[in-house]
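4 protein chains.
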Amino acid sequence: MISFRNDYSEGALPEIMQVLHETNFDQTVGYGLDEWCDKARAKIKDAIACPSADVHFLLGGTQANQTCISAFLRSHEAVIAVETGHINVHETGAIETTGHKVLTVMGKDGKVTAAQIRCVVEAHTDEHMVKPKMVYISDSTEIGTIYTLQELEEISACCKELGLYLYLDGARLGSALTAEGNDVTLSDLPRLTDAFYIGGTKNGALFGEAVVLVNPALKEDFRYLIKQHGGMLAKGRLLGIQFATLFTDDLFLRAAKHANECAAKLKKGLAECGVTFMADSVTNQQFPIFTEAQIAKLAEEFMFERWANVDADHAAIRFCTSWATKEEQIDMLIQAVKSL
Amino acid sequence: MISFRNDYSEGALPEIMQVLHETNFDQTVGYGLDEWCDKARAKIKDAIACPSADVHFLLGGTQANQTCISAFLRSHEAVIAVETGHINVHETGAIETTGHKVLTVMGKDGKVTAAQIRCVVEAHTDEHMVKPKMVYISDSTEIGTIYTLQELEEISACCKELGLYLYLDGARLGSALTAEGNDVTLSDLPRLTDAFYIGGTKNGALFGEAVVLVNPALKEDFRYLIKQHGGMLAKGRLLGIQFATLFTDDLFLRAAKHANECAAKLKKGLAECGVTFMADSVTNQQFPIFTEAQIAKLAEEFMFERWANVDADHAAIRFCTSWATKEEQIDMLIQAVKSL
Amino acid sequence: MISFRNDYSEGALPEIMQVLHETNFDQTVGYGLDEWCDKARAKIKDAIACPSADVHFLLGGTQANQTCISAFLRSHEAVIAVETGHINVHETGAIETTGHKVLTVMGKDGKVTAAQIRCVVEAHTDEHMVKPKMVYISDSTEIGTIYTLQELEEISACCKELGLYLYLDGARLGSALTAEGNDVTLSDLPRLTDAFYIGGTKNGALFGEAVVLVNPALKEDFRYLIKQHGGMLAKGRLLGIQFATLFTDDLFLRAAKHANECAAKLKKGLAECGVTFMADSVTNQQFPIFTEAQIAKLAEEFMFERWANVDADHAAIRFCTSWATKEEQIDMLIQAVKSL
Amino acid sequence: MISFRNDYSEGALPEIMQVLHETNFDQTVGYGLDEWCDKARAKIKDAIACPSADVHFLLGGTQANQTCISAFLRSHEAVIAVETGHINVHETGAIETTGHKVLTVMGKDGKVTAAQIRCVVEAHTDEHMVKPKMVYISDSTEIGTIYTLQELEEISACCKELGLYLYLDGARLGSALTAEGNDVTLSDLPRLTDAFYIGGTKNGALFGEAVVLVNPALKEDFRYLIKQHGGMLAKGRLLGIQFATLFTDDLFLRAAKHANECAAKLKKGLAECGVTFMADSVTNQQFPIFTEAQIAKLAEEFMFERWANVDADHAAIRFCTSWATKEEQIDMLIQAVKSL
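Chains as they are written, first to last, in the working numbering: chain S, 1 to 340; chain Z, 1 to 340; chain A, 1 to 340; chain L, 1 to 340.
Some hints here could point you the wrong way.
One side only, chain L facing chain S, incomplete, derived with CB under 7 Å [to be verified]:
1) Q27
2) E35
3) L59
4) T97
5) L206
6) A293
7) Q329
In case anyone wonders, no lab produced these hints; they're calculated from the structure.
Quantities reported herein were computed from a predicted structural model and do not represent experimental measurements.
Quick reminder that beta carbons are idealized off the backbone N, C-alpha and C, glycines included.
One chain only, chain S, in its complex shape (with noise of 0.2 Å):
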């Protein structure tokens, strides 16, 4: 049984995991003001061309979400996400439950549009609805798809012009950045974006995130509310170990890359049987239309997540690539497409 369920399946790159053995009797004071932690900081500063950030290393992506949004907001203010995002479907109310709305708009490809943002706006006109004061993006998105640079200028201008914070989700930044098509880099971040987080958890990492404070209003006391949400590592060594790897000699982006390579090799594969597909990703995960008679006959063999019905008899299911995936595995896969 091969598993292209997510790109969470396997443990860590090798890289990370022999760092983590050479260093294991090392001993650092805890809770990310180690010295391995200074060195990630460091490298992900020079990374993103921006030394005044903030850095700080974050255990996964629903804590970094409700961590950042319930540091940045009163309680009457609100964030601004496309229906389809992580915050808004797949955290069980995490930003709810620190106190804040979801404000969501339907978005185009997965995208939130600076129009739409302009939208929510100029519809909470006063002190009976909450105040829209962030939007919140992921690149890539849930569906697979990015943002070009032209989409985030157009973004950060608009919020910048209504007076709202920008945060991006980059739980699958380095796929983001490392797919076809794409013209944004990590430097780019910084200037259209007041905080974002580098996703480590599926780019090859045990776990870890590390997010970036741009916007130095966002700063203050933001080790309080890390603590305050249970994301304040005791060995935090472990995340600067794994986000120094990560960025050096660029394995952050070459991990991904690889995982993208092997994706853009199954959307051919698939392409080429005749296979059509419920978003044009670019990304790490696919998202093919099957029969269900296809389906059922593809999971004797492969583990995937079941997507959306597309009608009675057919549904989009997903299959995701990492740094780990083997080619042959997806050569196993077209494989068996061709055979159903």
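Dock chains Z, A and L against chain S, hints included.
What follows is chains Z, A and L alone, placed relative to chain S:
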């Protein structure tokens, strides 16, 4: 300047003012434990034909909704409402601030349907999403429509089947129950819902809503929640006096009926002038559509709410009648529209 | 049966009832934006000699405290209060339910001291603990004592030095300001505090507290918070009418002074009978100590609160006077004590 | 520089690192539903002799406490803890941020007593105060002391009688259970508590705590709460692997015993030098008292926490041993103290 802006422009029904005056120097215990509150509770339980219900008095609608929802739900549980629902739009995130997500459905004529409820529940499959646990409806709705008995029966059955609480916001319940075409009575509500509130503020009280808890599972410690959310009035007797008076000699229904009759007269008068409406309201809110020029003209003599843009040159406005509306005010308004 | 149970046993001052009656059919806009609220705000700003203050009207004390604290603090920030403080003991966790810890100090005569504040701040050294950011005091206190001007000056200076907001709960501010020995005036408060509220409920209003925001940093979007916490009264004019009336011809201070004089007479009468007191209160709450047998005897004719056990056979009870207390009621109570 | 600063200075037990290494490329499902987690759950249920318990794996202690308390309590319910309790002092208000008040008792030797619990419950008489519903204890405590079986029996009986849940924070449970004088076993805990957690972070895991839910009333939907509070690790197997390893061949107890033996040797060595202690700890935290000059001298060679001021010239410091402490490190420390 005559105001049709809302149904809380004046003070209170003279009958209420009279009892407040007469009892002003009586000494009572505080916090809703006095004889007037007891009397009001008894009268309400009689009116709804449900001696086993618990009745609590709160100060306003947002407070009633917030207190009930936070009392009924665990932190990962969510409430389903129509998109235009008061809790979703006009309570400044009062539900989210106590930790709960509002899941929305499109609705039909401003009303939630059983089929839509089922859809939401089916889409929430696991612990990565919130758990729908409650349905919120308003009767009359935000656009003045009312639920039929059959619609309520269907929703109620659906909720029971799916393990959801059904809660009815009765801010304008009086108006709904006395509307033309209504076939629901006060005594249907305990059978169909788990909890509901009977609105005083918008039906002739200075303030106050009577929360009725029918489902025994929802009754425990409710007074703690009232206190915690700032709803426990020191001079609780003010609420008892008002509701005891409203539920004497059918004053509650008579006051609402008067408002509806004024609205019906207005609706008929405007229709005769060829005016069209945004929604077919049978209650005390009417939403006629005018040109911008007409709206500007009407605003010289009357106060009203601008409700929604219809097209570049047309908008719907809201005229609200109440227990205090005088027939000649309706005549003047119709006359003014005729002269447009 | 005569009640000395609290200072909210009766309705409202006749002057207030009169204006409510006279204005009952006037039409006003809702939510505190009417002319009466404007008038009341102007009168209060005049009385406190602080034209730049923002004044908001809320319904009760718990609501005022909850709304202010949740408006002023970020989620990791805490408020310092005396152990007996209302927010710590008698608000059912209304502060914690909005996410904030109440840090307590022992106090002296029911009052927080500058030295105790300093101690708490020094003990909170890093992000593993909450961050003290606000001091909560009440004048008069829960045991009827009052702050001297010098004490307030010291606390205020200490808060400024340590970067803490100072907030004063004035549920019984009228009683404090008219107490024998008091040297604080309404116009001292804007200079000494960042925010405070002037209590109406316990000084002759049907309900209502006037929140005064002095520090500009605390003013932004406060109406959103009022709405979110269920404190925005539809018929907001009721609050405007009451406070405009209280602040006409010094009614606010006169009503409180009457309550204090009744309490002073009672205190003197009891002392002459040899009764001792739990605290040396100069305001409208008196805490005499009796044997259990005496308490049982008194309870046959009078209502009062049992306050605290003193020893196996003695307890302190509370007699509360108010604007509505009649001199002959005091005489009867003293007489009853004499006959014990 | 040798660190006795805490018990999380190093990575993980070699046995754990070994399994992480061996399984690195295995594919598993996410979120704790994999075979390793199943295996770990089975081993823990075996070790506690409670097959009906639910076992969940979380990432850290603050997160475990926050998730449990917010899962178990309604919003007006409070948790009783000793003043020095971790949830009261060192979690940045993580409990309050989910809405719950922490009610404190003075404790005795760092431990809550049944009598103190009873006192708190008796003082909370009505809905104007929070409702005590849960008792939080830690074993070992913050000052290294341990509960006797009799103490736990008394607390447990008291909680059952008063309708309170009993929850045990086992961040250092291994150390408590292997301490000299301890008469509590893992299998006592399901009988005595409603829920508890077994700490991995401070006993040789990279991270991780195993929450054990015994009371069926507390089990429902717990995974929703884990997710909502950011505790659902994508690569959940990391937790399964670690706890399965810890509960193989008694590694959990052996690792803790080693730490205790190092601490006992240190305690004995220091006592022989005439050093006195702030508390009589039998576990892996020792709190010797030194002069400021001595502390400065020790700090040249060793890392440790300053704990509490004793007088103008003396302070208690904390030496913490762990699974990774080497006997020669203890020797060096004793030698250094001898040379002071």
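Hints breached by this structure: Of the numbered hints, 2, 6, 7 do not hold.
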